[in-house]
Every structure is written in structure tokens, then in C-alpha cells.
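Asks: In order, the protein sequence lines correspond to chains A and B. In terms of our numbering, the first sequence has 336 at position 336, counting the first letter as 1, and numbering is strictly consecutive. So the mapping is simple: our numbering equals the position in the second sequence, first residue as 1, plus 610.
Quick caveat, the hints were computed from the structure, so don't treat them as lab data. A hint or two may mislead.
[As the list claims (entries may be wrong)] Short derived list, chain A residues pointing at chain B, Cβ under 8 Å:
(1) Ala179
(2) Asp210
(3) Glu347
(4) Pro463
(5) Thr473
(6) Asn475
Just so it is clear, CB atoms sit at the ideal spot from N, CA and C, and this is done for glycine as well.
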Amino acid sequence: MAAMNFPNPHEAERIPGTEGWERMYPYHYQYTTDDPDRKKYEENMFWFYDGLHYPEPMYPFDIIWDEAWFLALSQFNTRIFIVPPALGIDHRIHNGYIYITPLPVADPSDIPKRAELFMKRAGYYYQNWDRLHDNWEVKMRNIIGQLAELKIPELPEIEDESVVTEGLGVSTGYRLLKAYDELIDLGILAWQYHFEFLNLGYAAYVVFVDFCQKAFPDIPLQKITQMVGGIDVIIYRPDEELKKLAKLSIDLKVDDIAMKGSASVILKEMAASENGRKWLEAFEAAREPWFYVSTGTGWYHHDKSWNDDLDIPLSAMGIYIEKLRKGANIDRPTKAIIAERDRLATEYRALLKTEADLQTFDQLLGTSRTVFPYVENHLFYVEHWFHSLFWNKVREVSKILVDFKFIEDIEDIWYLKRSEIKDALWDVVTGWATGSNSRGPLVWPKEVAWRKEVMAKFREWTPPDAMGTVPETINEPFTIVLWGITSESMSHWAKLKSISEGDLTRIYGFPGSPGVVEGTVRVCRTVQEVGQLQEGEILVAPTTSPSWAPAFQKIKAAITDVGGVMCHAAIVCREYGLPAIVGTGSATSRLKTGQRIKLDGSKGEIEILG
Amino acid sequence: MVRNVPSPDVIPFEECDITMVARVGGKCASLGECLRAKIAVPPGFAVTTDAYQVFLQDNHLSDKIMARLEGIDDAQVVEIENASRDIREWIETGTISERMEDVIAENYRILSKRSRTPALPVAVRSSATAEDLPGASFAGQQDTFLWIRGVDQLLLKIKKCWSSLFTARAIAYRTSMGFEHSKVLISVAVQKMVRSFTAGVMFTLNPATGDRATVVIDSNYGFGESVVSGEVTPDQFHVNKITMDVTKKTISEKKIYYTTDPESDQVLKLELHPERQKQQSILDEEILELAKLGKTIEEHYGRPMDIEWATEKGLPYKGQIYILQSRPETVWSQKEAKPVVEPKGSAIEHIIAGLIKGRSIT
């Protein structure tokens, strides 16, 4: 296959005017040629562009999550659970885009030993999954609580007298440095927990998928995920809360107020009546924690949560109130979903030919169903709830840097690496303590301005799908699930290439949910734009998250730039029986609102009609 | 009320079932089973193996045939050809007794009356007793005659079906497989002809992959013979039997089709109008209806099936679907049912084995 040739990472294109960009990121993320062994290693590995998580170039601060999962995933594979054939995943960055490669176990004779350890260790997790998972939730809620309570102290002109009378012996300068360390540490810790279960969950799922595809060569991946998918997954919870609030507003006869669009008006007018205050009480209860749901993936600082912009959930709630007023049923058809999930599993099972297969099917389906709620639920805890709080805490740190004129705008902090922020805070607190002038204002505004220019250039560059050398097999479960590394997805890339070379009438993505429809495109780049959706249009979005849920009440199909078969848009569309194509890479830029298209959710194919 | 005449020589499809393969052959037994499963099957009757045996006796052919085949082995191509020609001629020129002729004619008359068509066009097909059994596919080794009208033609074609048991190919096959020629009997199915708008075959598994959750339908305009014989590349549709989604459509360029000339009563092979060659030959609704029928038939038999079907169009928007015959699928069903993966004591052992195997990229 011609498309299987990818560029040598050391010969990858460099963008004029960005020279020196490497200092924006951790030094070990660079491809380098100065050491022959490292050079050879980099050339012999297969580096995927991680477009699934990073559709845009990395901000120097936001790379924190990449470093966090670099460590977390790898340690669990290599050092904790001892995944028999796979070590961790190595990371690099080029022109701001993250490339990753899974490392196989080099010596096959190590695998049996590793299998024995994995059996014992992973086996312990699988066997005690529910108990350990309950414990995980406690740990997670605990660190989210610590994060919420973490104070980022502002530096006073003179310290409060209590520092003396209580014999504290430390200054606010010290406490600021400590708070910043704690903030970063909590972030890294959240990601340690993130991977405690995830790869074990993926491993069970991947092996079940393999079994099903062997037994039923024609089975669509979507049907397999439907068989294992959970029902009470919290991905639906924020949306459920909105539906409840919509119903409550009608019951309390305050729905006219609830329909007023802007959050500030609604909240003010609600507070003016007794029923309104009852509704407000329920509203406030729902916000903690469900409104921490992000409007993006949660991976970028600019992904706002509902709590950051209450107009988003309140205008979405309006869609539900309208539906309810028309007498529509807005409840999830949970019973039908459970019945369909069980019917699929029962009917496929009944087609197996041997007792041995029935046993294997039961074992693997059982384990997949046990692990799957985690696979679906962890996103809310980490990427949504934790991250949403985290970004805002970093903004509090940023405010101090703005106050001390280190940067011009709160949102400039993202152009600094987390270690540079620590250095800058030292510069701040020593200057503050000494009464001297910090050097920061002479350094950072200039550097941030330059970095903004560099990132603008990065954005215009299209990263190659992969670099390096293609291996024969991939054994790392996370890579298999998220990047769908099969010969099929490779030929999918080949298709993308043929498109980039001229055929503009077709766009390909991953089949997210089956069905064929024709309709009119509505491109919504952010969740704020879903208000423009007309009944029966096809939603085209960079990605969706639970906060987009109300949009799915109106649309005929969904297309996203980013995501795999397990992404939010695919899950929700399968549930509502709408076709979806995900992970197209470029649908939001290539499709225009008003265009007619035909899409086939089973094939992942979009045809532009006009 | 039209009643069928009870006789050992003729049995209506309604009274056939799977226990009667020895008397009515696999095809007729199977059509009887379809009727039991409430599947629409064009009406008809079986001329039994008893009738065939009586015919041979009446014409003193049994011993004569055995003697003619004595000592021939499957490598003697020319000898087989000659023996075949002789035996077939003896059978086709033999006399059907008056008594048997009356029974067949009466049943044909009843069938015509039931269909409100004088001299009803019928399909006459052999229904071999060894055919249609998993593991011994004789399919295609006997003849089929379409659009047969009138008792005289019918009797002639019945004899032709009987003689088709002695085609050179059938003789060679039995000889090489060690089947005794005298033990293999034949029944004949006489079935009301469907004026097929479209027709074809359906497998209740994917013959290419063996996936039992897939139904594969091949379809062309006209009689199904163009599809069965392989003379056209038919349209092909895949339906997921569990979700009832059409998962794949391949529309082929269908050059020819078979139909009947109402004036000459001849079956014609015609070139399909160029505009229709690349059109989808059956409607989406019909694809799903067929798949449902396939599922019902498979459930009735408890095994994957190979089905011939046709649609008749009285109305322009939609056809009535008929099942013309159904037999157990033989290729995949014959394979030894081996576990998909080695059984293991626990899920984690499967997970370890699966991880070690990994995903192949190339």
C-alpha cells in the first residue's frame, strides 16, 4: 500500500519563522539526531499523530495532560500491571503536534514471565473490580474536593498580624509557591488515577471485539459496543439534570422565565418569586457537579464548562421546555435500550456453533460489561469535572502574574510551560519579598507574543498522519482502541490521502453509528452555536460532549472532526438511532452550512451533493 | 371445494414434510416444510418415487438399466456418455400407465382450477432423494423445465426429469462416490409457475465469510434461472439478520434475463434494456422482507439455508414474494464446528492470549 510510507521524523518539514519553537515544550519531546542510538530508535518506531486528542497544536501549558498520561499509561503497562507484550507509549512533538508510539516488549522470551505477573495483578483488579472502582470514586472525589478548596493566595503589601500571633513562621510568598505545586501535583495525581483502570478496561474490550469479529466477520464494531455499553453511565447525567429542570420549571409554572434565554435575566427573575426560588434551589443542586461538564473534550484550557457559561445549559434547557410544551416525550428510552442491548447479545450468542464459544462469549461479554462503565464514566470525573476546576485555578495563578505585569492577559498563561510558571512565580515572590523589581516583565510579554505567532504558524500546517516505520502488529490496548489500528483504518488513511490529492466530493471518517441519510449541513464550531440548528439538519462539529446533548433532539445525523467509535457523538447517536460519522479530521472546515450531503454511518462515508 | 386425489403416486406439497424425503425427494419435502412455517410457496404436487419405480417396472427397465451400467467405472468417460444416452432414451420413450396418467392429469387439473388458469403454466423440477442433504449436494445435476402447459407436455417433462437421474455427470458422480445406482430414486416437483418480476437466491449466512448473522441475497430481473445458472452477475445485498439493516448493496450490470413470451408460451432469454442493467433489481422493502423470510425458514429448519425466491408483481409498487425452494446450506455447514478461539478457564486468560496476539497492521 503506497500510503503506508510515512516521512522520517528527522526529515519532517520545518516551518520558517518558528525557529526555536522547541523551547516551548519539554526538551525530551524533541526528535533529535545527535545521538546515533536515539536517532535510530526514532526512525524505526511508528509515530502516530495523536489527532484524536489534539486536533490543534499544543499550548505550552496544556501539554501538562500529555505528560501526565505519558507517565500514567506507561507505568501501568510497564511497571504495575505488566501487560505481557506491551510496554508504554513514547511521545514526541513536532511543530506543536503530538506524535506517539507504543513500545513492544523487545525480547519475546520475557512475555511468559510478564503474563504470569499480569495474570496475578490485572486478575486481582478484574476480580475485585466493583470494590476497587467504588474506592476509585472516593479517591477521585477526594482530590476534586482538595482542588476546589485549594486557595491561590494573593500577595499582601504586608502580612496579616496572625502570622506573628500564631507563630506561623511562613509568608504568603511561600504559600503561593506551595499552592502552585499542590495544584500541579493534584493534576498529575488525577491522571495517575485516570489510568488505574482504563487500560485494563480497554484490554477486556479489545479482546471481546476480536472474538466477535472472528466469530462474525461482518459484525459492525458499533454493534459490539452496543452489547457492552452501560445504561446508567454518567455521560448522560448533565443532560438528564437539564431535562429535570425543564420539567420542574413547567410544574412550578416558571417556564416562561426559564425561556428568557440569558442566564443573568433568568436567575434574577427566578429569585423574585417563591416558585422561582424553589427552581433555583434545584438548579444550584444540579450544578454541583453536573454543570462541570465541558463543552469540549476538556483537554484544552479553552474548553468551557456549563458552570463557566450558564447561558449554554439554560438555552439548551429551552429546547426541552419547547418540546415538553408540545407534548413530546424527552425521556431516554432506557427500557428499549436495555432490551435492544440484551437482544443483540442473545441473538449473536445463539449463532455460535460450539459450547466452547458460548463459554468464551459469556466470559468476555461479562468482563467487558463489568469494565465498561469505568471506560465511559472516567471522562466525566477527570476530563470534565477535574479539568474544569483546574483550568480556573490556573487562571487564579495567572491573575497574579498579570498583577505583577509578567503577562498582559489572564489567557496568556497558557503560553508558558508549567515549569516556567514556577520559575516566574519565584521571580514574583522574591521580588515581592525583597522589594526589588522582578525580571519577568522584561522577559515574558515578549516571549508570549512570539509564541503566539509561532502557534499561529503551527495551526496553518497540516501534520502528517504518521512518521517512521510501520510495524507488523500492535499489541498495546490503548492504541488499538483509540486509533483503531487495523488494516481497515490504514486504508482509511489512504483514502484521506487520495482526497487531499483532489477528490473533493467525498469525506471519510470512522463509522460511529449506522444508517444512511441525506440532509442539510449545519456547522457548529462551539456549543454556543447549537441554537442555530434547525429541525432535521445534520450537525457538523469539531467534537461533542454531554453538554451538546440537547442538539441531538433536533438533528438527523452527526459528523465530527475528532473521535472514535466510543466518542460522545457516536454513543449518543447509537442510542437515538441516528447515523454518525466521527473522526473525519476536517469535516468542519470542508463542509459549509446549507450544503446538501448524503452520509452512510456504516461505511463512514460522506458524499457532498451540492 | 377442490380436493386432491389420494394416491401413492402423487402427493400435494401441503401433505409433504421432512420425514418423506425418500418418497417425495428433498425439494418437495422442503416445500411442504415451508408451508408448515406459513411461508408463501407456489402450490403444486410431488410425483413420488413410488410412481417412478412403478414406471420402471411397467416398462421393464430396472434390470435393463443396471445391466447397462454393470462394470462401468468413473474414468470411462465415453462409456458413461453412451450408457447415459441409451438409458435416457429408454426412459423418455417409456409409457406412463393410464392409471398413473389419470392421477397426474387430475392433480394438474385441480392445480389449474385452484389457480383459475386453464392449462396452468408450471415448473417441472426433479426432486432427488439424495439431493439437498448436507454433505451430498447433487444440486444442479437434474433438470428443470419452466413454463410447461398442458398434460401431454407435463408427462413428457416428468419423464425427462426421471431420465435426468442418468445424465453422464450423475452416473459418474455416483460411481465415484460409491452410491448404488439402483438405490438412488427420484421424485418430480410440479409447481405453479411464478411470473417472476425478479428472482434469485438467498443464503441465510454469508457464503464468503461464513458469518451466520448475515443474509446474502442475489437478484436479477425475470426468472431465477439466470442467477442460479451463473449467466449474469446478479445484484447482491447483505442484511444483518439481527439488526435487520441492509449492510451492503452491490448493483451489478445485469446483461440478460429470462421471461416468457405469452403468445408462443416459450421461455425467452432476452437482453436487458440498457437503462435497467444498472438499476437495483429489488426494492429495499423487498430486501428486508426476504431477509425476514430467510430468518423464519432458518429458524424452522434450525440450520443455515440456501433458498430460491421470486417476486410476482400484480401491482407496480410492490411484489408478492414466493419461496420456490429451500435446502440446507452445505459448504459452511459441512465444516467441522471448531471453536473460534481455544476455550480457556477465565476471561483474563483470553485477555492475555488476545494481547499477545495483538493486531496485525499489514
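Asks: All hints, please: hold or fail.
Replies: Evaluated hints:
Below 8 Å, beta-carbon pairs count as interface contacts, and Ala179 (chain A) has none with chain B, the closest being about 42 Å; its hint is therefore violated. For Asp210 (chain A), the interface hint holds, since its Cβ comes within 8 Å of a Cβ in chain B; the closest pair sits about 5 Å apart. Hint on Glu347 (chain A) holds. Least Cβ distance to chain B is approximately 4 Å, under the 8 Å limit. Nearest Cβ of chain B to the Cβ of Pro463 (chain A): about 20 Å, over the 8 Å cut. The hint is violated.
Among the interface hints, the one on Thr473 (chain A) holds; its C-beta lies about 4 Å from the nearest C-beta in chain B, closer than the 8 Å criterion. Interface hint status for Asn475 (chain A): upheld, as the beta-carbon distance to the closest one in chain B is roughly 3 Å, under 8 Å.
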